[in-house]
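Participant: Listed below are the residues making up each chain.
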Amino acid sequence: MDLKATFISGRTVDQGCNLENKTSKAYFDAAGYCEMNSADAGKLCVEPGNNVKVTTDFGSVVVPLKICEGNPDGLIFIPMGPWANAVVDPNTCGCGMPGFKGIPAVVTPTGETAPTMQQLMARLK
Amino acid sequence: MIIKDVLCPFCGCLCDDLAVKVENNKVVDIMHACKIGESKIRGHDRIKAPMMRDNKNSEFREVSYDEAINESARILANSRRPLLYGWASGLCEMMKKGVLLTEEVGGIIDNTASVCHGPSALGVHEKGLPTGTLGQFANRADVVVFWGCNPVHAHPRHMGRYSVFNKGFFTNKGRRSRKVVVFDVRKTDTANLADEYVQVNPGEDYMVLSALRAIVAGRVDVVPDTVGGISREKLVEVAETLKGAKFGIVYFGMGLTQSRGKYKNIDNAVSLVTELNAHGKHSIIPMRGHYNVTGFGNVCAWETGFVNAVDMSRGYPYYNPGETCSNDLLMREEIDAAFIIAGDAGAHFPAQSIARMGKVPVINIDPFHSATTEMANIVIPTKVSGVELEGTAYRMDGVSLRMRKLVDVDFPSDEEVLDKIIAKVREIKGASS
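Taken in sequence, the protein lines are chains F and W.
Take the first sequence: its letter number 47 is residue 682 in our numbering, and every next letter is one higher.
Take the second sequence: its letter number 179 is residue 184 in our numbering, and every next letter is one higher.
Only chain F is shown next, with the shape it has when bound in the complex (with noise of 0.2 Å):
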């Protein structure tokens, strides 16, 4: 079972708070997850704290669900940090700004593990 969705990202208080405690499980919690409404996590047939996978044509990244219902059908939002970075989109179309947000993604139920910041960073070098 996948649920086709427009992922988007953006700033939290939490993650803010955790902004330059990023080594810690507390950047990991405020910033690692991905939000959507309980209708589409039914779909999925997923629990808040399950992993679900996150796929975009520009990568993918497991991160624990939570549920938003604020979020409408097939929103599903990523607080902005490395976790989103692995799913948006680089290309700035011309004027500076990547794709952070109205990204075409899929999501799937999944067994893996949710990588902490430096795991991820080390994927990258």
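Among the clues, some could well be false.
[What the hints assert, rightly or not] So the derived list for chain F, only partly shown, Cβ under 10 Å to chain W, looks like this:
1) Glu655
2) Cys680
3) Pro725
4) Gly729
5) Met752
6) Met756
Derived from the structure by calculation, the hints contain no laboratory data.
Beta carbons: idealized from backbone N, C-alpha and C, even for Gly.
Go by the hints and put chain W onto chain F.
Facilitator: For chain W alone, coordinates are given in the frame of chain F:
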């Protein structure tokens, strides 16, 4: 000792009413700050000493400041296309030195606006910016629009101090003096506090702005039944609210600059606000993120003529976002060295861009271990500006304010490190010319 009128070095609100209790040179209590500001001032585990490594996958070894600074200067002086990025969490004094260092090494200087309000600058180039100060908006605005921004999370005291709940001279009933409208793709915590939440389909803000412009211009007949997921009736209702304002203000954020249309969304939003001025007084302002990202735009503009993404390789400032912005340079694999200071490219650039940083020497100037530190070869810890160092910062509305120093530490300032790197670069380049 309680230090009053402390400025918060987190977001562009630059709240200037904090009180901080300091005992034995330690911050022990912080009053009036939001959760993020308190966390920022209280601080986290510091990088204790400069560090270096040749292989990015090996462990760092501690080195002296001189060794780290000299090696940084050597890398920059010998680089053909260095990127000097970040700057927004620093003071104006160090930004000026950053522009000078970029000129010395013929590099490109870019700041965090590149992945934030860079497109807003382009929108302003197209259409200008009918704007004002937060003080004017706080005292006058009776219709407040938040478009693609979520201040409850990103600027937690904004609604209390400047926009929604505060009592102003002409808005003396506080919240009851104002109509609040939120446009967003999801019902955020800010939307939950609004009088009117308008849910826009992702990537369709431009169309919604165009529809509102048509209605404001009296051409509701050309508007389709629904635009961006919003019914025509609802759009007419919102347009009437906007036209009925004595003083309307539009605060906008990444929901416009990062979604489809990017700078064109800003262009269109500015046009809407300009046209609304036929009916009342209306202004628009970007919700700037880092506390001194506006300062960088000012410093860079008076030093080079441009606000960001300035290429000095020709010997004069050259600016062409889309070509000279950090992510374009990284994706084209042009960069052969990266100098990241007062900003965390590693945590806020797309993975493919960061992968390029994995292939070149990276110098990271930061008090804290960031995602960029993971990609770095050289790490130089410095003072936390606005907590351990005083200096100039610009609030999101362009008002310059003096940041306070609260405690003394032994770390050097960003400016001191930059001065030494500049001197060493000159020495190396002088010897080779």
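Participant: Taking the hints in turn, state whether each one holds.
Facilitator: Hints, verified against the model:
1. Glu655: Glu655(F) check passes; min Cβ-Cβ to chain W is 4 Å, inside 10 Å.
2. Cys680: This hint is violated: Cys680(F) lies away from chain W, its Cβ roughly 23 Å from the closest one there, beyond 10 Å.
3. Pro725: Given a least distance of 4 Å, the restraint on Pro725(F) holds.
4. Gly729: holds, 4 Å
5. Met752: Holds: closest Cβ of chain W sits about 6 Å from Met752(F), inside 10 Å.
6. Met756: holds, 4 Å
Violated hint: 2 only; the structure is consistent with all others.
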